[in-house]
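Taken in order, these protein sequences are the chains called P and L.
Using the working numbering, you'd call the opening residue of the first sequence number 385 and step up by one each time.
Using the working numbering, you'd call the opening residue of the second sequence number 385 and step up by one each time.
These aren't lab readings, by the way, just hints derived from the structure by calculation.
Please note that the accuracy of each hint is not assured.
Intra- or inter-copy, both count: the list cannot distinguish identical chains.
[Claimed, not checked] Below, in silico cross-link-like pairs of lysine to any residue (SDA-like), each with a Cα-Cα straight-line distance of 20 Å or less:
1. Lys586 x Ala615
2. Lys386 x Leu667
3. Lys699 x Asn411
4. Lys675 x Ser420
5. Lys467 x Glu560
6. Lys642 x Ile492
7. Lys586 x Ile544
8. Lys486 x Ser607
9. Lys387 x Leu436
10. Lys486 x Gln465
Remember, predicted model here, so these are calculated numbers, not experimental data.
Listed below, chain by chain, are the residues.
Number of protein chains: 2
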Amino acid sequence: MKKFYYTPGPSELYFTVEQHLREAVQNGIGSIHHRSDTFHEIYDRAVKNLRLLFGFGDEYEVLFLSSASEIMERIIQNTVQEKSAHLVNGAFSERFYNFSEKLGKEAIRVDSEWGSFPNIPDDIQNSELIALTLNETSTGVSAPIEKINQLRSLYPDTLIAVDVVSSAPYDQLDFEKTDMVFLSVQKGFGLPPGLGVLLINKHARKKAEEMHSINPHIPGFHSFPVLIKNAIKRETTETPNTLAIYLLSKVTEDMLTKGLEQIRREINYKAAVLYQAMEEAPLLSPFVQDKNLRSKTVIVGVTDHSEKILDAFDKKGILLGKGYGKFKNSHIRISNFPTHSKEQVEQIADLLVELK
Amino acid sequence: MKKFYYTPGPSELYFTVEQHLREAVQNGIGSIHHRSDTFHEIYDRAVKNLRLLFGFGDEYEVLFLSSASEIMERIIQNTVQEKSAHLVNGAFSERFYNFSEKLGKEAIRVDSEWGSFPNIPDDIQNSELIALTLNETSTGVSAPIEKINQLRSLYPDTLIAVDVVSSAPYDQLDFEKTDMVFLSVQKGFGLPPGLGVLLINKHARKKAEEMHSINPHIPGFHSFPVLIKNAIKRETTETPNTLAIYLLSKVTEDMLTKGLEQIRREINYKAAVLYQAMEEAPLLSPFVQDKNLRSKTVIVGVTDHSEKILDAFDKKGILLGKGYGKFKNSHIRISNFPTHSKEQVEQIADLLVELK
Numbered sequence: 385m386k387k388f389y390y391t392p393g394p395s396e397l398y399f400t401v402e403q404h405l406r407e408a409v410q411n412g413i414g415s416i417h418h419r420s421d422t423f424h425e426i427y428d429r430a431v432k433n434l435r436l437l438f439g440f441g442d443e444y445e446v447l448f449l450s451s452a453s454e455i456m457e458r459i460i461q462n463t464v465q466e467k468s469a470h471l472v473n474g475a476f477s478e479r480f481y482n483f484s485e486k487l488g489k490e491a492i493r494v495d496s497e498w499g500s501f502p503n504i505p506d507d508i509q510n511s512e513l514i515a516l517t518l519n520e521t522s523t524g525v526s527a528p529i530e531k532i533n534q535l536r537s538l539y540p541d542t543l544i545a546v547d548v549v550s551s552a553p554y555d556q557l558d559f560e561k562t563d564m565v566f567l568s569v570q571k572g573f574g575l576p577p578g579l580g581v582l583l584i585n586k587h588a589r590k591k592a593e594e595m596h597s598i599n600p601h602i603p604g605f606h607s608f609p610v611l612i613k614n615a616i617k618r619e620t621t622e623t624p625n626t627l628a629i630y631l632l633s634k635v636t637e638d639m640l641t642k643g644l645e646q647i648r649r650e651i652n653y654k655a656a657v658l659y660q661a662m663e664e665a666p667l668l669s670p671f672v673q674d675k676n677l678r679s680k681t682v683i684v685g686v687t688d689h690s691e692k693i694l695d696a697f698d699k700k701g702i703l704l705g706k707g708y709g710k711f712k713n714s715h716i717r718i719s720n721f722p723t724h725s726k727e728q729v730e731q732i733a734d735l736l737v738e739l740k
Numbered sequence: 385m386k387k388f389y390y391t392p393g394p395s396e397l398y399f400t401v402e403q404h405l406r407e408a409v410q411n412g413i414g415s416i417h418h419r420s421d422t423f424h425e426i427y428d429r430a431v432k433n434l435r436l437l438f439g440f441g442d443e444y445e446v447l448f449l450s451s452a453s454e455i456m457e458r459i460i461q462n463t464v465q466e467k468s469a470h471l472v473n474g475a476f477s478e479r480f481y482n483f484s485e486k487l488g489k490e491a492i493r494v495d496s497e498w499g500s501f502p503n504i505p506d507d508i509q510n511s512e513l514i515a516l517t518l519n520e521t522s523t524g525v526s527a528p529i530e531k532i533n534q535l536r537s538l539y540p541d542t543l544i545a546v547d548v549v550s551s552a553p554y555d556q557l558d559f560e561k562t563d564m565v566f567l568s569v570q571k572g573f574g575l576p577p578g579l580g581v582l583l584i585n586k587h588a589r590k591k592a593e594e595m596h597s598i599n600p601h602i603p604g605f606h607s608f609p610v611l612i613k614n615a616i617k618r619e620t621t622e623t624p625n626t627l628a629i630y631l632l633s634k635v636t637e638d639m640l641t642k643g644l645e646q647i648r649r650e651i652n653y654k655a656a657v658l659y660q661a662m663e664e665a666p667l668l669s670p671f672v673q674d675k676n677l678r679s680k681t682v683i684v685g686v687t688d689h690s691e692k693i694l695d696a697f698d699k700k701g702i703l704l705g706k707g708y709g710k711f712k713n714s715h716i717r718i719s720n721f722p723t724h725s726k727e728q729v730e731q732i733a734d735l736l737v738e739l740k
């Protein structure tokens, strides 16, 4: 029986991936060199499609790394000399904070209870970077875009890094209010894992160059100046996950053909159906209390019956996500990504309401 | 027209990859979590097959990183406090040296002309690590295994790291004479790129642990203690390139079924055919003069007619490799990996001899 993945990443592959992968192998994409013209074209197409999809301008360059976790570490290494601040409301925002601490920086954490979003602090002027997680995959909290705008107003000269790992391409960011935005491809884009994508603007690049001129011993392999020098040529530093970059260029094209507005409308509809079902369901209820903070792409319910729910869905060939970390046995997480169909989400909603 | 890749990596996919990839997608391998039982089994199968194929024991752990370049940087970060020594005879051994220098270590280089292999030095007692490239992809020089044994006799307590990127699984190493051995999958294993594999023994692990206890700020994302802690559970630190790990587990299985001895015999035969053709060819001759140093897996010719040769083969749907770096226009590189067929290699040899 075919299984359908509603886990919050890796998740169900975008419905066109199988076909693209077949064509990739037939056309030798797994064998091309990362300094060949064919590779340059693939990289360039991925960049152009991401630009159109997200709406960022030429001031941003697109870098390919191996995962969002790696990107967090590289952001700290390349843009934080002494001090970073982190809005922490879940496991992934905490991970970013941990990277900074581990690398010996003065890492400030602005906490809020998991399931909420921190108030924007007015006392972190000395930080060189402010990091926030737009969509906390661990709790299903989505920060309103206004929070980023508020940060930018208060700290016009501080770098702002935004983790959009599990919301992209849903959220519509104002890229003038951010400096670095990153994601991995195994969530909303529905690709097999193994590729992180970092969008980085001129301010962040300038900071990285300054840091490297002060300290020549910052690790060089995935240093931002080297990655950017290569990215301008539409190349990567090392032989990369070429297949994933190819698939990203293809899936973004499919999404542009469908239209982001249509994708967003469908996600909004499916999210409404799932939250409504969780309100009515006997065995679970929405974890995030503040409706304005409820993620549209990772929908989290709190329950005393997680095993029963997971099993009931598993029998129907549908894999829901367990809770994350400390919520492992008390939460159910359901991803609502572009590839998930309205019809199947409606079935999931019905079963949630029926389960006793 | 289908193109056949004889480039020295990425190269032609192993002939079973297309089928494995199709099954992977159908079985949801692109969607599984890296802490799931299915992932544990895939990781474990890859480890077991690599053990059987290479013949290393339980004292080695198998780590998955994103590329051989990343592995070089991580080896320096994790096992070299102050001083490393590098036998440098081409672009990739030089790259390893460069990583050490970039990270602020005292990096000693023991050079020999490109196309040869350095004499084993007797004066690098103070180095914590000795690095060598068993098969220099940039020049087609393969170091005799005795060189490693000689190093081990002279320096019984120094860590020895061996780059087998473009020779694996051909070479038969004595794993008691090495401490770290690494490769990437887009060469002899014939996989799409995006995965580096590090075999690491207890001595190297102990050194890494000591270094982390002295300096807690060594980057933690792909630190060896963290990678090893996860590897023991058959997990990776981040969501990895799952498809590549899966394909590695499958292709190593296919290679075990065929038998490494048979694969080695075929590679020996094909190498003999190609070198013989280069000796006879009007337009090129073998670059490596010392026959004992000639690589069996990356066969390099020197020529004044590289464009003419590449074009003639391209017209037949066969892609040979250009020279590397400074040899870009004066060398031709031909990979001779397990997937390359005897019949096609014989055709290549014939055409080399005919071309005027």
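Review point. Checking Lys387 and Leu436: alpha-carbon separation at most 20 Å within a copy, between copies, both or neither?
Key: For Lys387 and Leu436, the Cα distance exceeds 20 Å both inside one copy (32 Å) and across copies (33 Å).
Practice item. First find the shortest C-alpha distance between Lys675 and Ser420 inside one copy, then the shortest across copies, and answer within, between, both or neither for a cut-off of 20 Å. Key: neither (49 Å within a copy, 32 Å between copies)
**Study point:** Within, between, both or neither, where Lys486 and Gln465 count as close if Cα-Cα is 20 Å or less
**Key:** both (13 Å within a copy, 18 Å between copies)
Point to revise | Homo-oligomer pair classification [Ile492, Lys642; C-alpha up to 20 Å] | key: neither (42 Å within a copy, 57 Å between copies)
Check your understanding: For Lys586 vs Ala615, is the C-alpha pair at or below 20 Å within one copy, between two copies, both, or neither?
Key -> Within. Shortest intra-copy distance 14 Å satisfies the 20 Å Cα cut-off; inter-copy 38 Å does not.
Point to revise | Intra- versus inter-copy proximity for Leu667 and Lys386 (alpha-carbon distance at most 20 Å) | key: Neither way: Lys386 and Leu667 sit 26 Å apart in one copy and 56 Å across, limit 20 Å.
**Study point:** Lys699 and Asn411: within-copy, between-copy, both or neither at 20 Å Cα
**Key:** between (38 Å within a copy, 16 Å between copies)
Practice item. Pop the pair Lys486 and Ser607 into one bin, within, between, both or neither, using alpha-carbon distances up to 20 Å. Key: both (18 Å within a copy, 11 Å between copies)
Check your understanding: Using 20 Å as the alpha-carbon threshold, which applies to Lys586 and Ile544: within, between, both, or neither?
Key -> Within one copy, since 12 Å is at most 20 Å while 42 Å is not.
Review point. Between Lys467 and Glu560, at a C-alpha cutoff of 20 Å, which is it: within one copy, between copies, both, or neither?
Key: neither (23 Å within a copy, 45 Å between copies)
Comparing the model with each earlier hint shows violations of hints 2, 4, 5, 6 and 9; every other hint is respected.
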